[in-house]
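Chains as they are written, first to last, in the working numbering: chain A, 1 to 345; chain B, 1 to 282.
None of these hints come from the bench; they were simulated from the model. Glycine included, each C-beta is placed from N, C-alpha and C at the ideal position. Some hints could be false.
As the list claims (entries may be wrong) - Heads up, incomplete: computed chain B residues facing chain A, CB under 8 Å, no partners named:
1. Pro31
2. Ala56
3. Gly68
4. Ala71
5. Leu169
6. Gly170
7. Asp182
8. Gly183
9. Pro200
Said to hold, decoys possible - Mimicking PhoX-like on lysine-lysine, the simulated pairs with C-alpha atoms at most 20 Å apart in a straight line are:
10. A/Lys101 to A/Lys171
11. B/Lys44 to A/Lys101
12. B/Lys44 to A/Lys153
13. A/Lys101 to A/Lys116
To be verified - Pairwise CB distance ranges, derived in the manner of DEER restraints:
14. A/Leu70 to B/Ala173: 15 to 25 Å
15. A/Gln108 to B/Ala173: 49 to 59 Å
16. B/Leu19 to A/Leu293: 53 to 63 Å
17. A/Asn68 to B/Val265: 20 to 30 Å
18. A/Tyr16 to B/Asp111: 41 to 51 Å
19. B/Leu53 to A/Asp128: 19 to 29 Å
20. A/Asn68 to B/Phe115: 30 to 40 Å
21. B/Ala236 to A/Gly136: 29 to 39 Å
22. A/Asp128 to B/Gly74: 24 to 34 Å
23. A/Tyr16 to B/Leu19: 50 to 60 Å
24. B/Arg13 to A/Gln295: 53 to 63 Å
25. A/Gly136 to B/Ala173: 16 to 26 Å
Letter by letter, the chains look like this.
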Amino acid sequence: MPAIELKNVSKLFGPYTACEDVNLAIAEGEFVTLLGASGCGKTTTLNMVAGLEDVTSGDILMNGKRVNDLSPVERDVAMVFQNYALYPHMTVARNIGFTLKMRGLDPQEIKTRVEKVAAALELSTMLDRLPSQLSGGQQQRVAIGRALVREPKTFLFDEPFSNLDAGLRMKMRAEVKELHQRLGVTSIFVTHDQEEAMSISDRIAVMNLGRIEQLGTPEEIYAQPATRYVATFIGSPRIELAPGEITDAGSVKIGSITIPLSRRLKPGTKVELGIRPEHVRLGEAGIPATVRLVQPVGPSTHVTLDWEGGVLMASLPGFVRLSPGARTRAALDPDHLLIFERQQP
Amino acid sequence: MSFARLQHGGPLRQTFIGLGLALFVLWSAAPVLWLVLSSLLEQKALIAQPPDLSFANFTFENFSTVIGAAAALGRGIVNSLIVALFSTALALALGAPAAYALARLSVPRADAISFLILATQMLPGIAIAIPLFIVISRLGLIDNVLSLGIVYLSFNLPIVIWILRGFFLGIPAGIEKAAAIDGAGTFATFWHIVLPISLPPLSAAAVFAFVEAWNEFFFALILTRQQAQTVPLVIANFAGQYQTVFGQMMAAAVISVAPVILLAVLFRNQIIRGFADGMMKG
Chain A
1 MPAIELKNVS
11 KLFGPYTACE
21 DVNLAIAEGE
31 FVTLLGASGC
41 GKTTTLNMVA
51 GLEDVTSGDI
61 LMNGKRVNDL
71 SPVERDVAMV
81 FQNYALYPHM
91 TVARNIGFTL
101 KMRGLDPQEI
111 KTRVEKVAAA
121 LELSTMLDRL
131 PSQLSGGQQQ
141 RVAIGRALVR
151 EPKTFLFDEP
161 FSNLDAGLRM
171 KMRAEVKELH
181 QRLGVTSIFV
191 THDQEEAMSI
201 SDRIAVMNLG
211 RIEQLGTPEE
221 IYAQPATRYV
231 ATFIGSPRIE
241 LAPGEITDAG
251 SVKIGSITIP
261 LSRRLKPGTK
271 VELGIRPEHV
281 RLGEAGIPAT
291 VRLVQPVGPS
301 THVTLDWEGG
311 VLMASLPGFV
321 RLSPGARTRA
331 ALDPDHLLIF
341 ERQQP
Chain B
1 MSFARLQHGG
11 PLRQTFIGLG
21 LALFVLWSAA
31 PVLWLVLSSL
41 LEQKALIAQP
51 PDLSFANFTF
61 ENFSTVIGAA
71 AALGRGIVNS
81 LIVALFSTAL
91 ALALGAPAAY
101 ALARLSVPRA
111 DAISFLILAT
121 QMLPGIAIAI
131 PLFIVISRLG
141 LIDNVLSLGI
151 VYLSFNLPIV
161 IWILRGFFLG
171 IPAGIEKAAA
181 IDGAGTFATF
191 WHIVLPISLP
201 PLSAAAVFAF
211 VEAWNEFFFA
221 LILTRQQAQT
231 VPLVIANFAG
241 QYQTVFGQMM
251 AAAVISVAPV
261 ILLAVLFRNQ
271 IIRGFADGMM
281 KG
């Protein structure tokens, strides 16, 4: 039985549909990320799981029990918010302990549990400080502490690192992953950062326009994107797609260039062809292309190429010396070509 | 032109702003200065044309006379204190939950209700004076400080609701969501989270309500006789049928405005923050 299950869940705000027919089953102890651009419905979905938003239609089940009408407390979820949402007038200790106070726990028990959580999150020396006296990372740790102290059945994270700088974001990401490995609590994480989603999740649900476009492991999402949207949303540098048509021989023809395919498609089908930048190699063989831009980023060099099909991105290992305007050839790994049927207008 | 320069302006702009502010302070402070000066002048020097401001005419006699005949003024101050504190406490106790409900809970047509509450202030006091007098007198509550406090609530409550509603609208929704996740219901969220972070606007609203009640003259005049007379009425009584002792009247006025000024000085930071926060959204 899934720990959390969403069955045909929809949410309407007046005439605006925020989520439509969302179906998702999360196993006990699993870490699932809702990934998508802003406005795709991921936070609304999370809020509905938390009990902070009513469900317009559909059912949310926790351990098989319908929880649509239960309050957040009755659902036993803890949540970490994007803007930390710490209580500005309370010290770190009171912020962490507030939830226990609301549950009527004995002050001594609250103190013990707060101190234990604070020690685990390296907040012990800051218990008497106000949130305004903490750095962004420390505030985020307090927010996590507030969630941890409850020992809940489910953790919900709403873009918890989006206000942190890049370095701190990486650190906090590792801390949350470690925490999950240690505690094994079922977690739903919301982010618009695909790298964050890839690095932290057991499975990712890519959302677009209120729907789940694809649900799968990070590897599946990356290597076998189910839709054009998933293919272009995931991956950095971004994948470029070229319009073409399937020939009688089962290849794809883009302009005057014919590229063989490893899978069979109906001849005449209008398609878009793409390939992840790391599966492109430059050299003597392949399609003719012209170097437009060279961007070394350390471990690899991103090369933007112009070819007959438009733009092609290549990611080459290490530092590569290429001059803009240079003529080259790009070899595309046929096993990693991505093909999407084009929607007919 | 640099951004900093654009923000702060050149020396000419600075001078212009400084002069403008000085003029505004002079305009606002002039009546208070004249009040203090008048309270320290002898009657003949005060009514001379022009007033004789020579040092020899300054005296504390007006103050000693007013304090010497302290019974009326003392009672007035006590009555004013009771009325103002009672009205302010009630306005906050009723206004804060009402403002919170209108700002954050799903009250249908909250904006329309808020506007209606404000619209009650558009009616001049005199329009309701006669019906109010009839109601209060039939209830046998004429010359009663508490009934006066309740009447003052009619104009204090809308202002308190509007000041606080503006602030509550600006509280990040995440804080209330966090409280809900932490197990706090609506009342616990209001009590433990919203009220403590609303101290500046609460102070601003309280000082505003207190000053309004302290200064009110018209309703106090028609709804009190002797026992419940408030400070403004006691001061007005210094104007006699045949002679007005301006110096004593001004000395009494200085004594009566002292608590209000003290309040404003003590809570000035909260008042400024409270009004500024309240104006962010409304």
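Evaluated hints:
{"no.": "1", "hint": "Pro31", "in the structure": "violated (39 Å)"}
{"no.": "2", "hint": "Ala56", "in the structure": "violated (57 Å)"}
{"no.": "3", "hint": "Gly68", "in the structure": "violated (48 Å)"}
{"no.": "4", "hint": "Ala71", "in the structure": "violated (45 Å)"}
{"no.": "5", "hint": "Leu169", "in the structure": "violated (17 Å)"}
{"no.": "6", "hint": "Gly170", "in the structure": "violated (13 Å)"}
{"no.": "7", "hint": "Asp182", "in the structure": "holds (4 Å)"}
{"no.": "8", "hint": "Gly183", "in the structure": "holds (4 Å)"}
{"no.": "9", "hint": "Pro200", "in the structure": "violated (11 Å)"}
{"no.": "10", "hint": "A/Lys101 to A/Lys171", "in the structure": "violated (31 Å)"}
{"no.": "11", "hint": "B/Lys44 to A/Lys101", "in the structure": "violated (69 Å)"}
{"no.": "12", "hint": "B/Lys44 to A/Lys153", "in the structure": "violated (85 Å)"}
{"no.": "13", "hint": "A/Lys101 to A/Lys116", "in the structure": "holds (16 Å)"}
{"no.": "14", "hint": "A/Leu70 to B/Ala173: 15 to 25 Å", "in the structure": "holds (21 Å)"}
{"no.": "15", "hint": "A/Gln108 to B/Ala173: 49 to 59 Å", "in the structure": "violated (34 Å)"}
{"no.": "16", "hint": "B/Leu19 to A/Leu293: 53 to 63 Å", "in the structure": "holds (57 Å)"}
{"no.": "17", "hint": "A/Asn68 to B/Val265: 20 to 30 Å", "in the structure": "violated (55 Å)"}
{"no.": "18", "hint": "A/Tyr16 to B/Asp111: 41 to 51 Å", "in the structure": "violated (20 Å)"}
{"no.": "19", "hint": "B/Leu53 to A/Asp128: 19 to 29 Å", "in the structure": "violated (58 Å)"}
{"no.": "20", "hint": "A/Asn68 to B/Phe115: 30 to 40 Å", "in the structure": "holds (35 Å)"}
{"no.": "21", "hint": "B/Ala236 to A/Gly136: 29 to 39 Å", "in the structure": "violated (59 Å)"}
{"no.": "22", "hint": "A/Asp128 to B/Gly74: 24 to 34 Å", "in the structure": "violated (47 Å)"}
{"no.": "23", "hint": "A/Tyr16 to B/Leu19: 50 to 60 Å", "in the structure": "holds (52 Å)"}
{"no.": "24", "hint": "B/Arg13 to A/Gln295: 53 to 63 Å", "in the structure": "violated (46 Å)"}
{"no.": "25", "hint": "A/Gly136 to B/Ala173: 16 to 26 Å", "in the structure": "holds (20 Å)"}
In the structure shown, a violation is registered for the earlier hints numbered 1, 2, 3, 4, 5, 6, 9, 10, 11, 12, 15, 17, 18, 19, 21, 22 and 24, in ascending order.
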